[in-house]
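A.B. asks: Turn these sequences into a full structure, and let the hints steer you where they fit.
Protein sequences, first through last, are from chains A and B.
For reference, each letter of the first sequence is one residue, going 1 to 340 in full-length UniProt numbering.
For reference, each letter of the second sequence is one residue, going 1 to 270 in full-length UniProt numbering.
No wet-lab data here; the hints were simulated from the structure.
One thing to keep in mind: the hints can contain errors.
Computed far set for chain A versus chain B, every beta-carbon distance over 10 Å [as the list claims (entries may be wrong)]: (1) Leu74; (2) Asp148; (3) Asp240; (4) Lys316.
Chain B regions said to be covered by chain A (calculated; three or more residues, Cβ under 8 Å) [claimed, not checked]: (5) 10-19; (6) 95-104.
Cβ coordinates follow ideal geometry from the N, Cα and C atoms, glycine included.
Each chain is listed here by its residues.
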Amino acid sequence: MSIIQVDQLTKTFHRPIRGTGALGAIRDLINRRYEEKTAVDRISFTIERGEIVGYLGPNGAGKSTSIKMLVGILVPTSGEVRVDGVIPYKNRKENASKIGVVFGQRSQLWWDIPVSETFELMKYMYNIPTADFKRNIELFTDVLGIQDFMHVAVRQLSLGQRMRADLCAALLHNPSIVYLDEPTIGLDVVVKKKIREFLLEVNALRQTTILLTTHDMSDVEKLCSRVIIINNGRKMFDGDLERLKSDYSADETMILHVDHDEIGFDGNISHLGVTDFTYHPESGSILLRYDKRHAKPASILAWFMERTVVHDFEIKPAEVEDVIRDIYQDSTSCELGEVQ
Amino acid sequence: MPNPFRLYGRFLRTYMKTQLEYRFSFFGDIFVNMMTFVTLYLSFWVLFNTFPTMNGWNYWEVVFLYNLNLLTYAISSLFFWGPMKQLEHLVRSGEFDQFLVRPLGPLKLLVFRQFQHTFIGHIIVAGTVMVLCTIQLQIHWTAGNIAFLLLCVLGGTLIQAGIIIAAASSAFWVVRSGTVVDISIYAIRNFINYPISIYGRSIQLLLTFAIPYAFVNYYPAAAFFGKDHAGSSELSNLYSYSSLAVGAVLFAVAIWIFRRGVMRYDSAGS
Numbered sequence: 001m002s003i004i005q006v007d008q009l010t011k012t013f014h015r016p017i018r019g020t021g022a023l024g025a026i027r028d029l030i031n032r033r034y035e036e037k038t039a040v041d042r043i044s045f046t047i048e049r050g051e052i053v054g055y056l057g058p059n060g061a062g063k064s065t066s067i068k069m070l071v072g073i074l075v076p077t078s079g080e081v082r083v084d085g086v087i088p089y090k091n092r093k094e095n096a097s098k099i100g101v102v103f104g105q106r107s108q109l110w111w112d113i114p115v116s117e118t119f120e121l122m123k124y125m126y127n128i129p130t131a132d133f134k135r136n137i138e139l140f141t142d143v144l145g146i147q148d149f150m151h152v153a154v155r156q157l158s159l160g161q162r163m164r165a166d167l168c169a170a171l172l173h174n175p176s177i178v179y180l181d182e183p184t185i186g187l188d189v190v191v192k193k194k195i196r197e198f199l200l201e202v203n204a205l206r207q208t209t210i211l212l213t214t215h216d217m218s219d220v221e222k223l224c225s226r227v228i229i230i231n232n233g234r235k236m237f238d239g240d241l242e243r244l245k246s247d248y249s250a251d252e253t254m255i256l257h258v259d260h261d262e263i264g265f266d267g268n269i270s271h272l273g274v275t276d277f278t279y280h281p282e283s284g285s286i287l288l289r290y291d292k293r294h295a296k297p298a299s300i301l302a303w304f305m306e307r308t309v310v311h312d313f314e315i316k317p318a319e320v321e322d323v324i325r326d327i328y329q330d331s332t333s334c335e336l337g338e339v340q
Numbered sequence: 001m002p003n004p005f006r007l008y009g010r011f012l013r014t015y016m017k018t019q020l021e022y023r024f025s026f027f028g029d030i031f032v033n034m035m036t037f038v039t040l041y042l043s044f045w046v047l048f049n050t051f052p053t054m055n056g057w058n059y060w061e062v063v064f065l066y067n068l069n070l071l072t073y074a075i076s077s078l079f080f081w082g083p084m085k086q087l088e089h090l091v092r093s094g095e096f097d098q099f100l101v102r103p104l105g106p107l108k109l110l111v112f113r114q115f116q117h118t119f120i121g122h123i124i125v126a127g128t129v130m131v132l133c134t135i136q137l138q139i140h141w142t143a144g145n146i147a148f149l150l151l152c153v154l155g156g157t158l159i160q161a162g163i164i165i166a167a168a169s170s171a172f173w174v175v176r177s178g179t180v181v182d183i184s185i186y187a188i189r190n191f192i193n194y195p196i197s198i199y200g201r202s203i204q205l206l207l208t209f210a211i212p213y214a215f216v217n218y219y220p221a222a223a224f225f226g227k228d229h230a231g232s233s234e235l236s237n238l239y240s241y242s243s244l245a246v247g248a249v250l251f252a253v254a255i256w257i258f259r260r261g262v263m264r265y266d267s268a269g270s
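C.D. replies: If you want it as structure tokens, here you go:
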């Protein structure tokens, strides 16, 4: 059975519209008007044990709201969530004992006390057996390099240190699911790398299911076997990275290395489906961009080989980042609907 | 699920460790709080120099009444004052999130994370002054009236706790819930600094049925000193022995309100 089951999940916020100025404030007092905002709109998906899923979408797409319903912070307006057999907001405590949560923007650690004390508190809070606790501390401090600031008060930590400590604290009780909301936000490349390695190791070692939101596409490429993309509260895509690229990355770039002198064509190649064309005489390279759905790379290559000497060529598929940006933009202008 | 007592013990140890790093400030807080009461008793004394009794209550009886309020308020505040004063901010900023992802109820967790040591000062003052009052009033101690008083302190503490929890839970419904808390625990609670028989009928009803502060000190103290109280009747004589029951019910209702509120929590909408 899937460890996470989400069915037609919806969250609508109901909040007062505030008037501006003194007059507006008085009017609100007498006649308060409300607006409804559907942050998450009938989203469904399932996640299997041990998967690492990237939950992506532009700011305000409904990512955090969905995660907050999954962890039990918010009560859904309609639809269903089941996490490892329980309904999170109804069985908050039971659910909480099985999950780990890290919100990149907000620390879960206790501000005034050293990291080590927080870990001790976690041991009591989650009833972690001493042997497990010791083993985890050893493993985690090693991979994340926490020993250097183990006895420093949380408020004195740098962002990267705090993030690592937060991650460690969230995983001490061997949760079966970990939710990470922008875990690498604002971190340098070294810390990012450490955190990714750590997550992969925990996932491999314990079959920990990981659901993360991020705006960093290298997080996605290094970590996620699957991505779910949402926008305006709706699910736009659900599948693995390869499918994302093949389904959506229509744009490809071809680079041809040719003999400088012998290039002989008039530059009119729109009939091949090429949308963009640049020639760099000094390096003898031609950059061609085309839509895969309307152009055949083989015919483009053949066309050039008939007219000039092609020494070498390469084809670059679009980066994940470009693909996702396209989906975001597409979905704001027209509803793509379910892709599955 | 963790054992709450062991966990709280652990939290207290950690809390004390951080507080005692600033030892001077720790004891300073307590001392300053005690000093503020000295001025308060002076004002009582000035008042009673003008009126020797207040609706049949003499100076020491009113001081006792006042301190029963203070003592129960301080005991409940050790645990609830801090988190309930914070709740408005936590809910509005969305920081309340972190209390909902732990294998412990959010109210327990809020209480466990802190300890308002400054109220130890109130407790020392109130306890000492109450003993002083009973000496001045030549109270004859029996097992019966000692037990009665202890149960009243317990009931009063539950009432004080229930009121602050219920008031603070308004944070889940209204934006400026801090005002609701302040009105409840400062403005309205001040009514019971004096015997409520000095007020009009409507205020007596308010303090008995709506916000039952009168059960904290007035009704039990009236029985303790053998006085008739406002609107004395068969039924209202029962009030004197109802503090614990009122406290237990009010506390349970407050927790229920808090839980209802948590279900409405919208995490700053983001």
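A.B. asks: So, for every hint listed, does it hold in this structure?
C.D. replies: Taking the hints in turn, this is what the structure says about them:
no.	hint	verdict
1	Leu74	violated (6 Å)
2	Asp148	holds (21 Å)
3	Asp240	holds (29 Å)
4	Lys316	holds (37 Å)
5	10-19	holds (count 5)
6	95-104	holds (count 8)
The structure is inconsistent with hint 1 alone, although it conforms to all the rest.
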